[in-house]
Amino acid sequence: MHEVRGVVARSAHAPVTLETVLVPDPGPGEALVAVRACGVCHTDLHYREGGINDEFPFLLGHEAAGTVEAVGPDVTGLAPGDYVILNWRAVCGRCRACLRGRPQYCFATHNALQKMTLADGTPLSPALGIGAFADKTLVAAGQCTKVDPAAEPAVAGLLGCGVMAGLGAALNTGAVSRGDSVAVIGCGGVGNAAIAGARLAGAATIIGVDVDARKLDWARQLGATHTVLSGATDVVEAIRELTGGFGADVVIDAVGRPETYTQAFYARDLAGTVVLVGVPTPDMRVDLPLLDVFGRGGALKSSWYGDCLPSRDFPTLIDLYLQGRLDLGAFVSERIAPDGVEEAFARMSRGEVLRSVVEF
19 MHEVRGVVAR SAHAPVTLET VLVPDPGPGE ALVAVRACGV CHTDLHYREG GINDEFPFLL
79 GHEAAGTVEA VGPDVTGLAP GDYVILNWRA VCGRCRACLR GRPQYCFATH NALQKMTLAD
139 GTPLSPALGI GAFADKTLVA AGQCTKVDPA AEPAVAGLLG CGVMAGLGAA LNTGAVSRGD
199 SVAVIGCGGV GNAAIAGARL AGAATIIGVD VDARKLDWAR QLGATHTVLS GATDVVEAIR
259 ELTGGFGADV VIDAVGRPET YTQAFYARDL AGTVVLVGVP TPDMRVDLPL LDVFGRGGAL
319 KSSWYGDCLP SRDFPTLIDL YLQGRLDLGA FVSERIAPDG VEEAFARMSR GEVLRSVVEF
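Residue numbers (my numbering): 19 to 378.
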């Protein structure tokens with residue numbers, strides 16, 4: 019048993035606390051990872067607010083990189099000392115999606131079976147099955163993806179969730195290719211990662227859309243060729259004007275609201291693609307004329323985790339970062355200690371940062 023520090027949400031809407039967490043040695047199929055850095059993601063805030071489920075207390079944190087300390091007795095392909103990024107979709111290899119060669123849609127992803135606990139024995143629910151706002155965490159071995167140790171942990175860990183979601187929305191789900199026109203609605207961490215992905219793919223026109231001028235500055239730094247301040251103009255008309263009157267080949271909704279999805283739908287070219295990567299709430303509905311859906315062709319897609327396959331995508335993207343072709347470091351707005359997570363949530367909510375990163 020390992021006694022570590024961890025950032026815990028004990029109840030909905032209450033400030034998080036830094037507490038003693040007990041982490042067991044890894045059992046079959048599990049790995050113990052010493053966390054070196056972990057990004058502060060909106061999903062962690064959703065957990066704290068009770069927006070995911072009510073299985074409090076939660077051990078927060080999931081965008082992490084670290085070093086494997088120990089593995090369970092039956093684990094192969096992973097060993098102590100391996101430098102890894104943690105992912106929240108450890109594929110099973112046996113379900114109908116995996117057997118069809120589509121493991122990114124695995125229907126039976128898994129986590130560690132043993133529970134981490136508070137000092138009094140209260141079981142913790144790890145955020146996205148990871149719980150990485152802690153000095154050490156216990157995960158399924160399949161949640162560990164080995165990457166080049168030359169990549170700084172504060173940067174590498176961001177591929178664990180939000181940045182991968184945005185990059186994958188462009189590269190995997192949207193299949194952006196050379197010469198395409200791309201519009202991204204919502205230029206926070208995920209949206210700007212989609213912009214970076216579109217740039218990496220060779221898109222000719224990349225349009226960032228947001229209500230916040232500061233986020234549009236970030237969008238330009240990460241590859242946007244044009245920006246639209248959405249509160250001041252008609253978004254659909256602005257995107258059409260910037261794409262020869264046709265609309266964009268790919269429009270990525272990184273907000274996930276009915277208004278932004280409707281904008282995305284009408285801002286694409288007639289045979290264009292809409293990608294929804296922003297996460298809506300259960301009460302949201304979209305009302306579109308069915309004739310318009312029929313008449314525009316193209317594709318309407320949802321992007322889960324950027325349709326990524328961690329074993330394929332994480333090492334490749336880290337290599338591109340190390341080659342200077344993908345500026346992952348631009349997403350790190352600040353580095354904080356574990357006791358700074360609550361303040362980081364506030365800065366994130368105010369739109370002041372792309373990513374705060376907890377360093378251990």
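Take the hints with a grain of salt, since some may be wrong.
[As the list claims (entries may be wrong)] Using 20 angstroms as the maximum straight-line C-alpha spacing, the simulated EDC-like pairs for lysine to aspartate or glutamate come out as follows:
hint, residue 1, residue 2
1, Lys-319, Glu-277
2, Lys-133, Asp-43
3, Lys-164, Asp-153
4, Lys-164, Asp-235
5, Lys-133, Asp-166
6, Lys-133, Asp-305
7, Lys-164, Glu-21
8, Lys-164, Asp-100
9, Lys-133, Glu-37
10, Lys-133, Glu-87
11, Lys-133, Glu-73
12, Lys-164, Asp-92
13, Lys-319, Asp-305
14, Lys-133, Asp-153
15, Lys-133, Asp-72
Source of the hints: derived by calculation from the structure; they are not laboratory data.
A quick look at each hint next to the structure:
1. Using a Cα cut-off of 20 angstroms, the hinted pair Lys-319 and Glu-277 holds, with the two alpha carbons roughly 17 angstroms apart.
2. Taking the CA atoms of Lys-133 and Asp-43, the gap is near 11 angstroms; set against the 20 angstroms cutoff, the hint holds.
3. At most 20 angstroms may separate the alpha-carbon atoms for a hinted pair to count; Lys-164 and Asp-153 meet this at roughly 19 angstroms.
4. Taking the CA atoms of Lys-164 and Asp-235, the gap is near 33 angstroms; set against the 20 angstroms cutoff, the hint is violated.
5. At roughly 30 angstroms between alpha-carbon atoms, Lys-133 and Asp-166 are farther apart than 20 angstroms, so this suggested pair is violated.
6. Restraint check for Lys-133 and Asp-305: not satisfied, since their Cα atoms lie roughly 43 angstroms apart, outside the 20 angstroms limit.
7. Distance hint between Lys-164 and Glu-21 is unfulfilled; the C-alpha atoms sit about 25 angstroms from each other, more than 20 angstroms.
8. For the suggested pair Lys-164 and Asp-100, the alpha carbons sit about 7 angstroms apart, so the restraint of at most 20 angstroms is met.
9. For the hint linking Lys-133 to Glu-37, the alpha-carbon distance of about 16 angstroms falls within 20 angstroms, and the restraint holds.
10. A threshold of 20 angstroms between alpha carbons decides the hint, and for Lys-133 with Glu-87 the separation of about 18 angstroms falls inside it, so the pair holds.
11. Taking the CA atoms of Lys-133 and Glu-73, the gap is about 13 angstroms. The hint holds against a cut of 20 angstroms.
12. The straight-line distance between the Cα atoms of Lys-164 and Asp-92 is roughly 18 angstroms, inside the 20 angstroms bound, and the hint therefore holds.
13. For the proposed pair Lys-319 and Asp-305, the alpha carbon gap of about 17 angstroms is at most 20 angstroms, so the pair holds.
14. This hinted pair checks out: Lys-133 and Asp-153 have alpha carbons roughly 16 angstroms apart, not beyond 20 angstroms.
15. A hinted pair counts as satisfied when its Cα atoms are at most 20 angstroms apart, and Lys-133 with Asp-72 qualifies at roughly 17 angstroms.
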